[in-house]
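Residue strings, one per chain:
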Amino acid sequence: MSKNHKRRFPRLTLARRRTPPGSAPGTLTIDPAAPKPEIRLFAYSADAFLEQKLSDPAQIAQYRNKYPVLWIDLDGLGDESVLKSIATQFNLHPLAMEDVVNVHQRSKVDQYGDHLYMVSRMVTFNDRLHAEQVSLFLGRDFVITFQEHPGDVFDPLRDRIRTNKGRIRKLAADFLAYSLIDAIIDSYFPVLETYGESIETLEDHAAFKPDRPCMTRIHDLRHDLLALRRAIWPQRESLNSLLRLELPLITPETRLYLRDAYDHCVQIIDIIETYRELTSGLMEVYLSSLSNRLNEVMKVLTIIATIFIPLSFIAGVWGMNFQHMPELRWTFGYPLAITLMALTALAFLIYFWRKGWLTSTVDPPTNDHKQ
Amino acid sequence: MSKNHKRRFPRLTLARRRTPPGSAPGTLTIDPAAPKPEIRLFAYSADAFLEQKLSDPAQIAQYRNKYPVLWIDLDGLGDESVLKSIATQFNLHPLAMEDVVNVHQRSKVDQYGDHLYMVSRMVTFNDRLHAEQVSLFLGRDFVITFQEHPGDVFDPLRDRIRTNKGRIRKLAADFLAYSLIDAIIDSYFPVLETYGESIETLEDHAAFKPDRPCMTRIHDLRHDLLALRRAIWPQRESLNSLLRLELPLITPETRLYLRDAYDHCVQIIDIIETYRELTSGLMEVYLSSLSNRLNEVMKVLTIIATIFIPLSFIAGVWGMNFQHMPELRWTFGYPLAITLMALTALAFLIYFWRKGWLTSTVDPPTNDHKQ
Amino acid sequence: MSKNHKRRFPRLTLARRRTPPGSAPGTLTIDPAAPKPEIRLFAYSADAFLEQKLSDPAQIAQYRNKYPVLWIDLDGLGDESVLKSIATQFNLHPLAMEDVVNVHQRSKVDQYGDHLYMVSRMVTFNDRLHAEQVSLFLGRDFVITFQEHPGDVFDPLRDRIRTNKGRIRKLAADFLAYSLIDAIIDSYFPVLETYGESIETLEDHAAFKPDRPCMTRIHDLRHDLLALRRAIWPQRESLNSLLRLELPLITPETRLYLRDAYDHCVQIIDIIETYRELTSGLMEVYLSSLSNRLNEVMKVLTIIATIFIPLSFIAGVWGMNFQHMPELRWTFGYPLAITLMALTALAFLIYFWRKGWLTSTVDPPTNDHKQ
Amino acid sequence: MSKNHKRRFPRLTLARRRTPPGSAPGTLTIDPAAPKPEIRLFAYSADAFLEQKLSDPAQIAQYRNKYPVLWIDLDGLGDESVLKSIATQFNLHPLAMEDVVNVHQRSKVDQYGDHLYMVSRMVTFNDRLHAEQVSLFLGRDFVITFQEHPGDVFDPLRDRIRTNKGRIRKLAADFLAYSLIDAIIDSYFPVLETYGESIETLEDHAAFKPDRPCMTRIHDLRHDLLALRRAIWPQRESLNSLLRLELPLITPETRLYLRDAYDHCVQIIDIIETYRELTSGLMEVYLSSLSNRLNEVMKVLTIIATIFIPLSFIAGVWGMNFQHMPELRWTFGYPLAITLMALTALAFLIYFWRKGWLTSTVDPPTNDHKQ
Amino acid sequence: MSKNHKRRFPRLTLARRRTPPGSAPGTLTIDPAAPKPEIRLFAYSADAFLEQKLSDPAQIAQYRNKYPVLWIDLDGLGDESVLKSIATQFNLHPLAMEDVVNVHQRSKVDQYGDHLYMVSRMVTFNDRLHAEQVSLFLGRDFVITFQEHPGDVFDPLRDRIRTNKGRIRKLAADFLAYSLIDAIIDSYFPVLETYGESIETLEDHAAFKPDRPCMTRIHDLRHDLLALRRAIWPQRESLNSLLRLELPLITPETRLYLRDAYDHCVQIIDIIETYRELTSGLMEVYLSSLSNRLNEVMKVLTIIATIFIPLSFIAGVWGMNFQHMPELRWTFGYPLAITLMALTALAFLIYFWRKGWLTSTVDPPTNDHKQ
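Chains as they are written, first to last, in my numbering: chain H, 25 to 395; chain A, 25 to 395; chain C, 25 to 395; chain L, 25 to 395; chain B, 25 to 395.
Watch out, some of these pointers could steer you wrong.
Pairs involving identical chains hold if they fit within one copy or between any two copies, as the list cannot separate such chains.
To be verified - Capping the alpha-carbon separation at 20 Å, the derived lysine-lysine pairs in PhoX-like fashion look like this:
id: 1; residue 1: Lys60; residue 2: Lys233
id: 2; residue 1: Lys77; residue 2: Lys60
id: 3; residue 1: Lys77; residue 2: Lys90
Everything labelled a hint here was simulated from the structure, so no lab data went into it.
Just chain H, same shape as in the assembly (with noise of 0.2 Å):
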């Protein structure tokens, strides 16, 4: 295998890192390979913003209640003791708490009294998918965020923020929660599109060269909009009975947000199926190239064996030892014989030209069917 080759294996581990079976619900297990946690706080009102980095989870205590809006923006979930900090200052429900570190959620919307816990899935590709669950508690006056990785799609988000553009400082943690979900959702876009490049890609090199390279590509393109599927498809459900539910926490105007958000959400959905479509059609394009391919070796090989075997078997006839041959003492039996060797090679070349199979069906692409 090469290194290249094990790109896609980490998406099956799907079922791993999981609380031991039979172990206290709300346990909270910590993956020792996660990174430590990194603390950013944002508080802000429609004419006040303040952006800090905490080092330690205690001093978010003194900025609560001082700002409409907290947002405690953390990644890295490694270490146990800062993210039970933050919940037992914010009163986190422990089961919330266990699914936030694992992190192999489906997307959901659970209620918890107060406040009200979300996962999503969060995509990136860059060479490779990448998938990261984002958990968001929302109360009325905070938005919490917890990420497994630094690095995320809120940037364009956060200078929204520091730069009061558009409408988030004027309104409540509710708003802020939409935004984050809407930009995760719509990370999504840029990963189809690459996707959608490849499938273009694939369709001529299935079509006309059907290596090994080429199904594996196609086993991968499979792989991968399985895996966006199972990240996006809860999304929808979740973003549903958010829409359902009627939650106080969340004002009419959020809601009409919300409903373009669940309008994106089905949009994916329905690209990536359309996607899903189109990747079972190349395979079987794969295969009857191969199939093709199999037709045409067959064919040159028939050609060849038809045209030469009787013509071999001709010359034997006459490399026979026998004394009474009269034909092999004429003065123009040689020459007699290549001109019958020579008629029924053309016989047999005629046979195949009419049958149509001396013309490829598999030639390589020429200019009129390129992209």
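Using the hints, position chains A, C, L and B against chain H.
Okay, now just chains A, C, L and B, sitting in the frame of chain H:
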């Protein structure tokens, strides 16, 4: 493959040209390649009619509230200021305007305060399949349509307005909106007729000449039917929600007509699903033709090789240089050898004839495949 | 293409002969090839009965309101004036009349004021599958049926009316409507029986003689089952909505009979789905028979080539012209050489026999797998 | 192929023996091949019991209203007068009686006035799959069952009535009806067990001996599972509607037992669906075994041909009759030539061995395919 | 068949060991091979705890009503009297007890008077997949579990009870029931992890070494995933009905935990469906690898045959014994002939090289199939 062959690629861009992830919702991201807008205004009542080409959207103001129905018919989405001017005059919602310029929306109906926003997808077939997003705003006394490119299926409708044919001038804006949607839905029928003919042609092609262009055309057909299906399925949903919502903007009489449009929509879906099933049957026919062909090639090879290889061996035996081969000196040795060879060949031919291999199974179609 | 071969194409016209896109709704677009209408009138009560062929639809007026049930039975849709005259007399809705002449409607039930409009699809099999649209209007005291062509499945019903057999003369128009729909639904059973027999025949054909006509017949079968399915599925829906709607036009007793018709409809769908599954199994049997056959051909080639190619080589060795080949001068050199060849051939035969290649797996069918 | 092979054809008659289209509803069309009816009467209370074979249905009258439960158990539908006599005595609905003799009904529950009509399908496996329609009428104090042929799965139940075992004699007619349905549903389990064993056997057959009988058996298996599925799916629906309808005829206690029968029904559906998935997997295994076998055949051919064709060529070169071929006169020319040939053959063998072609991939199973 | 090969068969017994059809409902049919029961009793409150191995079920009586929670933990179903004794003491319903011993139940929740009966399926993977039915009765102050065999996934839970870790000792019987179900559901994760690893391994195996063990393993994988799916799907339904039923036995707090278990259940279904899609992709990869391999074999054969057959023919020509073949007497005749042959071979090689046949498409993976 002809030049038309480039046609399938644009369809895969369905994930492109989105507002960048993380932008403020409601941002209008104008596609730089979009054509400049052309605005036509139709204003009519049962006995008055006015048609006007406008160079500046500000001119619309003077026609408002003078006619019971005002239709702003805009082609081309390449100028943000024009779009914003219209949005401001008619108080159109920013989220809806964002969807107007992001021309890869699913068909839908959204209710914003006193107006409705509907997205539909109009199709034409002209060498290749074109699908264009039509955005429609319906207010109490106005209809606004936004199209991507000049050229549409509304000309017969415009003539009916101009010549006061049918009931359209007697009825309100909701009937105009219905008539536009009905024309869009009916635009699918001639396109589907084209595909029906394609399938008929390909059925013979796949059965009797399974070459690569045939495979490519089947694959393109599947592409196009998938695109049509993506366009019409959400249309059915949006018509259904229009019928169910009991909106005050839509009179009971128009509702009756919308039910009819809904029936047409379901009929189109039915035809597309039938065509899709036929298309997957086509691929099977194609692959089984390929197999048949391979069988045929192998049979020819086997017959030729099987007949001549033993004959060559016989000739080889008497071509050996042993000194004590008495038959070589017989007077009739040579004719006997030839006779032996002829009998061997005949025996094989009879064997193959009894196996039925001498009659081709890939003959061009004759009268014998009646049902 | 033979003439018989075209038989399946008419089915693909399902997208044709529509009113041009953009026409005013309710326009009657008469198909120029449609036959001229023939009108028959049945009027009856429990003890009176009248049957009349009408040349002019205006004659209908004199029979109205004289009998509890009036059945206008019209064959052929080729005269707009006749259709319009009937529509006016019975106050039939223009949208319904548009569907009467657009003969590719899905089965449905529409309620228009005081009458019901139902579309059904009647099938017959007579060399090939024919499907014909039957439009039925049910009013308080009348039933009007529109058919595309003369010839239908209603003759036993007409006899029951004429001879006052069963309860039909004693009951109202709704029972006549039910009896017509029941006759249409029951027309599927003999057609399906024909297809059941086709499948049985094809099962042996595909397993023992996988030639192209077999593939064409499987493909045609799939076509026809798809057409039947498209015809009967919406019928089920429309019967269901008829049962659910609790219409005053339909008495509780007739409702009981309609439930029975609904059960038959579901049974037909069940049979069609079973046949469709069997048909896709058929294609698999066909393809695996093809593979089996290729295997057989290749085995014959391999056996012949494998036996004779080494023998030819041995003969070739002693056909070389080296001067120092002592065995050429041995008295028993030649017999020894022949013996060596025979042993070689025998060794290969034993090898193949042990591999099981010498027994065919594609024997022609023998008496034990007859039907 | 054994004689049993005829077995699959009767199943395709599922569209046959219908009342002719257009007959009056409620007509009893007796199948002339149906056996004559045999009537058995069971009458019981907690402490009384009577079992009687009746020759004339008129005898039933004397037993009515004397026992809390009366069970008329009729085998054979070949006499219209008997059926009509029973229908009249118990006031059974003509539509239900029509379904009794049309023995291809889907399982269902219909409510007619004071009695319930239920259709079920009882299966047995005895060389081949038999499915028989059981019609059951349940009234306040009677149960009537109609079967097509003598022989059923009710004998253990009859013994429980005779010997007063279990609670059956203490309870009313609804519990008898439940017990009959439960026995019918439980009759699927031993049949399914037979199919489970078939699948196990076929799994090895398909993998190691992919011949035509194997394909035929897979195809038959699919047929039978499809037939079982058609029989049991509607049974689930009818049990479900029985549970939901809250009928006064059925006591809450019997309802609890019916829920248990419903669970068994769902379990049977589950098993059938599992078997169907395994069966389609079987076809794939069969086809891939065929491919494997073809690969093997081709490898043998290729190895033999590839080794001996070049050798034959070398022999041919020195078989040429040129006068100036110095090596022909060398003393060791012949041994050198033989050595050259041996080395060539060896080179090819090493090449194939390194490609892994010399080890068969279709060996009979050995210990190496553990998981 | 090797011994290992039989491993998948037990799964097909899913239709076996049922109560004989027609038996009285509620009959306990003990499987003679079932192990004898072992009974453990756990009784606890927040501050008291008692664990006891019981030899006689009658001993249970003395512990009743003394502790808020009593857990009877029974392994092995081989003794009818023990089961009956427990059923009588706790008043368990006979239909439920019938399901306890018929160990092929679907997961379900049934409500019987004052207790709940739940069936779940616990899985372990230990060389092969084991699935075991766990029956659980929940009453106000007791939980009774019946398992088929000793050994389960509850040990961590038992430890939590013994050591009073977590909240379990402080809560009622419903929380114990939840904890048991949660442990059962969590037992699927490590099993699925094993299958995820199997799929990863098989992906390379199928692409680079498509032999029969590979096919068998794919087939076994499909078997196992089907079995897992059958086990977990009904679990989701039964948890869902538990959440919906609003039973008084289950406190709102436990309901919150059950919702969490339900989420895990949905996640497991998600993973299984993903694995099932990957597995069918695997079969395609396997088949296309087989095709690739056949192509490769055919190409080798064709290249060798195509090069040497014409050469042999040329040699054959000059091996003929005609007397008048002037070139045989040329001094450089022989070298010229050899040169001609070399050129012919070269021409073919160049032809094949340009066709791309000389580069293998089935090379072991190298760096060139990056994406």
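Consistency of the hints with the structure:
| no. | hint | verdict |
| --- | --- | --- |
| 1 | Lys60 <-> Lys233 | neither (47 Å within a copy, 43 Å between copies) |
| 2 | Lys77 <-> Lys60 | within (14 Å within a copy, 47 Å between copies) |
| 3 | Lys77 <-> Lys90 | within (17 Å within a copy, 56 Å between copies) |
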